[in-house]
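Q: Here is what each chain is made of, one letter per residue.
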Amino acid sequence: MSSVAHAEGHDHKPEGFLDRWLFTTNHKDIGTLYLVFSLTMFIIGGAMAMVIRAELFMPGMQLVDPAFFNQMTTMHALIMVFGAVMPAFVGLANWMIPMMVGAPDMALPRMNNWSFWILPFAFTMLLSTLFMDGGAPAAGWTLYPPLVLQGGNSFAFAIFAVHLLGISSIMGAINIIATILNMRAPGMNLLNMPLFVWTWLITAFLLIAVMPVLAGGVTMLLTDKFFGTSFFNAAGGGDPVMYQHIFWFFGHPEVYIMILPAFGVVSEILPTFSRKPLFGYTSMVYASASIAFLSFIVWSHHMFTVGMPLGGELFFMYATMVIAVPTGVKIFNWVATMWKGAMTFETPMLFAVGFVIMFTIGGFSGLMLAIAPADFQYHDTYFVVAHFHYVLVTGAVYAIMAGVYYWLPKWTGHMYDERLGKIHFWWSTIAVNVLFFPQHFLGLAGMPRRIPDYSVQFAEFNMISSIGGFAFGLAQIFFVYIVWKTVKGGKPAEARAWEGAKGLEWTVPSPAPHHTFETPPEIKPDMIAHPSNAH
Amino acid sequence: MKNLKMMAALGLLLASTGAWAEYGLNMTPGVTEFSQIAYGLHMKILWICVAIGVLVFGVMIYSMIAHRKSKGAQPAQFSHSTTAEIVWTIIPILILVYMAYPATKALITMEAPRDKADLIVKVTGFQWRWRYDYLNEDVSFISSLDAESNRVRQLKSGEDPSQVKDYLLNVDHPLVLPVGKQVKFLLTADDVIHSWWVPALGWKRDAIPGFVNEAWTKIEKPGIYRGQCAELCGRDHGFMPIVIKAVTPEEFEAWVAEQKKSAVAGRVQPIADQS
Ligand SMILES: [Cu+2]
Ligand SMILES: [Cu+2]
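Chains Z and C, in that order, are what the protein sequence lines are.
For the first sequence, position 83 (counting from the first letter as 1) is numbered 83 according to our numbering, and the numbering increases by one without interruption.
Take any residue in the second sequence, count from 1 to its spot, add 1000: that is its number in our numbering.
Looking at chain C on its own, in the form it has when it is part of the complex (with noise of 0.2 Å):
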């Protein structure tokens, strides 16, 4: 009787996920080529997963069900079948071997050296902010939590922060970047290692002192993008959000030549006398 309970409970939280979707239960697609392969990998291995489960579970649930000693089983014997433990050790495999190969593909296209990028930015994780330099343009700054979220999560603050706009998911300055272009990023670190993670353009990449990693994007839809730093850094690690705002060509031509024209204020000042 339990176990029927369990199943309907079970059911009905499987029905009642389809009406939750809106909030956040699942990975986005995100706005890229790399966030649709890696949620299309995610959806199709959890199916794969789910399909496994119910099979095996739903085995285990019968037996459970069928083979009690209070409905008057007789217990079997058998102890082992060489042609049964074959079986399942080849059909996992094939399983495997199905994932593996979209698996690889996929890393493959995310791997591939490219040659050209339209634009560099290397970003700078350090205790708690993120600095962008834009390469071939002189223009940096450096991007903190907005003042607004960082009144409000201060210990016993008593502000409610449902009140604040994209509560810890806001900057003072964002990372503004053009869609449709191949944008390359060299990513590191000043004092320990961050990560630079904004799910909608569907990978994170360490940022660590002492080392330059390399990640690419091609955004292809206008629109702000939020994210945060993934890797513990000190006390202030989840104050340190990411925020892309992505913009046409055109307009991120003129957001660059703003940049410069008001480049003696917009200078990044040097790290040291930020914190």
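Just chain Z, with the same shape it has in the complex (with noise of 0.2 Å):
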């Protein structure tokens, strides 16, 4: 199609809107999809969050039913893990793996379309089930039977929902896995590519391991209620825990998907504003290796208080507690990364900086939890959402967020307003703190999760909880603010937007244009992100 240079100004976007979106299978178009689809959720999610914060403001039930309530955890976390984290690291990596390897675009440009278009009909489903007969699943994200059973006929959407959502995910990890491992430049060799790169690499392998388990659990859900079956009914012979070993055979991985991606913009990051090479960077890919392998032997931890028997326990202890090894080697690397840099604090480095100390804190409740017979008493409490609410939050959305700052310029020509985004950075931070870490003592105290109203000992802290919530929905408003004035204008972004970084991406212009790479570049040492490994 286009054997013809490139004149500036002139780079073949299709002229209509819905040509240009709609039918498109251009990676930084569908990237571009996927992101703003992952900020709706995310502000979608995020309301549904307030209404909890809300109502959990003070003792005694004041705004909603506590069936509702339940819709609330439910969907939130739903919303949360499957439309912002998940679509916003495919969006990160449409955008910027073809262009990190030199790949003229995804190997499979026209999947690419699909995986990310099935998104919005799936979470349309899915947000419709609040409006329906019985109403959105109300049994936590987890959707155990039997409890989940107990819903209406709208849990046939929901099911249908998650298989979409299943098998766009899957078409993605294919998509990723196939241009990874086809389409780099000549030069750009597998210890060459950024850790991004490699983070997602492994990252897509995991997801097409797990989201089928996923798929066969929800499918085993939906015959139980509409078609008689008895997997996990007692009283037809199934087993209700067999469920759970399966969702969490998936769920556990899950995490992963989650948070590798968030390692590998952490670690495109901090050695740009540290202008230093990566420390360790085979140790590294190695780490994300392990740490991915291990995620399929741990799965029970999230069963301690099922009843196992003593050889389980020790095991699912055992196998969790050794995660600490490889994840430690990656913290222990990036500090090694800012040692005798010369770092300068850019939004992108703040938030990356933010990460790995906050990620540190969830690492440590994680370690906590792992202990069995500790977990006896934090199982399913305050102290476990305070947990996973570091890594997710100021885990994976805050390497998102370091990671749009970061490239926010590749791909739009401008800066964003620095000042502006430091103060979403502390804004953030402080809020995100106030919210979380009472939860902590929440649930050492001895508070339940997905509970709509507690004991009046509770009450400062939950009070506390909330108003940081509030502040933190908010500073997230103020960023929708900050990358729509950044897509507006602002001042023009160099080709090398930040003094110190590495890699392709930064060789083409910024914006980069809408095709990059169609005759692969010549790769020079100096092109490379990591150069540290080239022995």
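Please note: incorrect hints may appear among the correct ones.
[To be verified] Distance condition first, Cα-Cα at most 27 Å in a straight line; then the derived DSS-like pairs of lysine-lysine: (1) C:Lys-1044 / C:Lys-1218; (2) Z:Lys-422 / C:Lys-1156; (3) Z:Lys-340 / C:Lys-1071.
[As the list claims (entries may be wrong)] Chain Z stretches covered by chain C per the calculated footprint, using a threshold of three residues with CB under 8 Å from any CB of chain C: (4) 146 to 159; (5) 269 to 283; (6) 315 to 328; (7) 338 to 344.
[Unchecked claim] Pulled from the structure, derived: some chain Z residues nowhere near chain C, Cβ distances all over 10 Å: (8) Trp-21; (9) His-76; (10) Pro-373; (11) Arg-449; (12) Trp-498.
Please keep in mind that the hints were generated in silico from the structure rather than gathered at the bench.
Note that the structure is predicted; figures quoted are calculated from it, not measured.
Don't be surprised by glycine CBs; every beta carbon is placed ideally from N, CA and C.
Two chains, each in its own frame: build the complex with the hints.
A: Shown next as structure tokens:
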């Protein structure tokens, strides 16, 4: 199609709106679609969190019926996990992976279009259950039977939505693997790839391995509910605990699906703003791979209280604790990357450093939760809620924000407003700690999770937490404004938007032309993101 | 500068946590061997994490202060050190082993097979109450949220929960248990999965329809111990508390005798009639 060399300002963007966005096969446009979709879901899921925090603002039931409260906690989680965090990382992958490995586009562009356009339909279906008879699923995002089977017929819509999300994720993962393995420019061998590409390659394999398991699990729920099977019904010879094994065999790798790409983003940003090569590139790759492997053999740490034999408890406790080793290697490597650098603290760096500190706090509480005899106390309390919000909000979401600020100049051709970005970081960081840190105390003091009302002894910390929640929510509206402002205008960005930035994506102009690397670039040593490894 | 301010704020926070101790900041040691084991492990691992955190964040914060471009720092170019990487793989492994040893011992203690129970209580969870059967005593009853909490917790009741004694943590019929006796619980459920949790005993255990889970306790001190259902079990999951009244064995005998006397009145109705 384009053997003709590109003239400046003429880069074959389709003209019509539908042609440009609905029928697009361009990795950059699809990346944008993913990111905009993710931001929309982040706001919707955030609004649900606001409902939750408003009801929990003080003891007593003031706003919503407990049944609706349960729909909110369930939908908040489903939307944030499948609608906000995962699509955001796929969006980053779409935008950046082809540019980072010197490919003209994703390997399977039409499938790329399809895997995105499934999402709006899936979430329309999932969200529409809120307005149906029986309401949205209300058994928690884990959808444990028998409780989840007590819902109305709207349950079928939720299950089909999950199926669609799984199809979308698997297609996205296939595309990413095919791109990375087949489309690298000559000279971009596997151990020259940026870490973001590596962590996504591993994540894609995790997705292909576990999304079918989830699909199988929820299909069994569907047949139990509508076709009279008894997979999980003890009265019919089934086993409700089997569902938990199936779910968490998906669910634990799922948490690494949400955090490995975050590790990748942070591993790109810290070297740039430290002006120093990433420390221990090879061990970062091996650590990611071992985390991925271990993630398959720890699932029952979510089930210590279902009644397991001693041997099972010991195995899952040890396996979970072992994950601390490769995770520790990563954290130490990041610190060593910063050590003796020449650091500046632009917004992406602030979010990346915030990620390292607060993700580590979430890692500590994760280690505590791994200790089975103590987990008999922690399990299903607000301590767990605090733990996974530290790793998912100040972990995954912070890495996404860091990545957005980092690559926004490349996407839009404009520098974002640095002052506003810094305000956004400090505002979010103070608010998020006011929001989640007291939840550790609530859990240890005995407050179970997923309750709409609580004993008055928990009143103070819940109020503090809610105030932090509202402030954090507001900060993200501010974030939307910053992004919008950057899209509309701002200081023109150079090709290499950051002084210390290395890697192929910074060799193309900002904004990146609609088509990049139609002929493979010649990889020179200074184009490699982490040249440390080039022995 | 910002980092210094942040550190000062963090210091203040840590200092003030001591003062907050009475307001339910931490796990409590509880009143059983198991709860003390859980508490001891919790504190031990918490302090190890705090120590590692202080070390790692300390190095990071120092680096962020000292190695800034604005201070004229020249970036070093080192990118790996096999020695360093081996050291920070081995040391965490040693720390983990140090943690795993007491954790393993604790698990073995908690899961050790016990032959003789002084009392067996069957606990059945159902939406949204608990039913207790004293298996060898022919005493059973259903324990529900107390009427006052139940009135106040209704949506837009307009009443002030702080005026209710033990709001949401009170029941009509507490589970009466003797102190100093081995009590064996058999836990199950009638409809969906629940989880029976009294923090002072040191564990929670799921009550699963079609399964019978086993758990043990020996309460050391008389008193009232409160807990809640810990597994999301539907609309009123937040409103099925648990209250244990731990009494001396003599008082317990008297209580059982009294229950048997009023057995006809106290006899539990079939669950179907209750909901
Ligand atoms: Cu897990
Ligand atoms: Cu329950």
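Q: Decide, hint by hint, whether the structure agrees.
A: Quick rundown of the hints versus the structure:
no. : hint                    : in the structure
1   : C:Lys-1044 / C:Lys-1218 : holds, 24 Å
2   : Z:Lys-422 / C:Lys-1156  : violated, 41 Å
3   : Z:Lys-340 / C:Lys-1071  : holds, 12 Å
4   : 146 to 159              : holds (count 3)
5   : 269 to 283              : holds (count 10)
6   : 315 to 328              : holds (count 7)
7   : 338 to 344              : holds (count 7)
8   : Trp-21                  : holds, 40 Å
9   : His-76                  : holds, 14 Å
10  : Pro-373                 : violated, 4 Å
11  : Arg-449                 : violated, 8 Å
12  : Trp-498                 : holds, 12 Å
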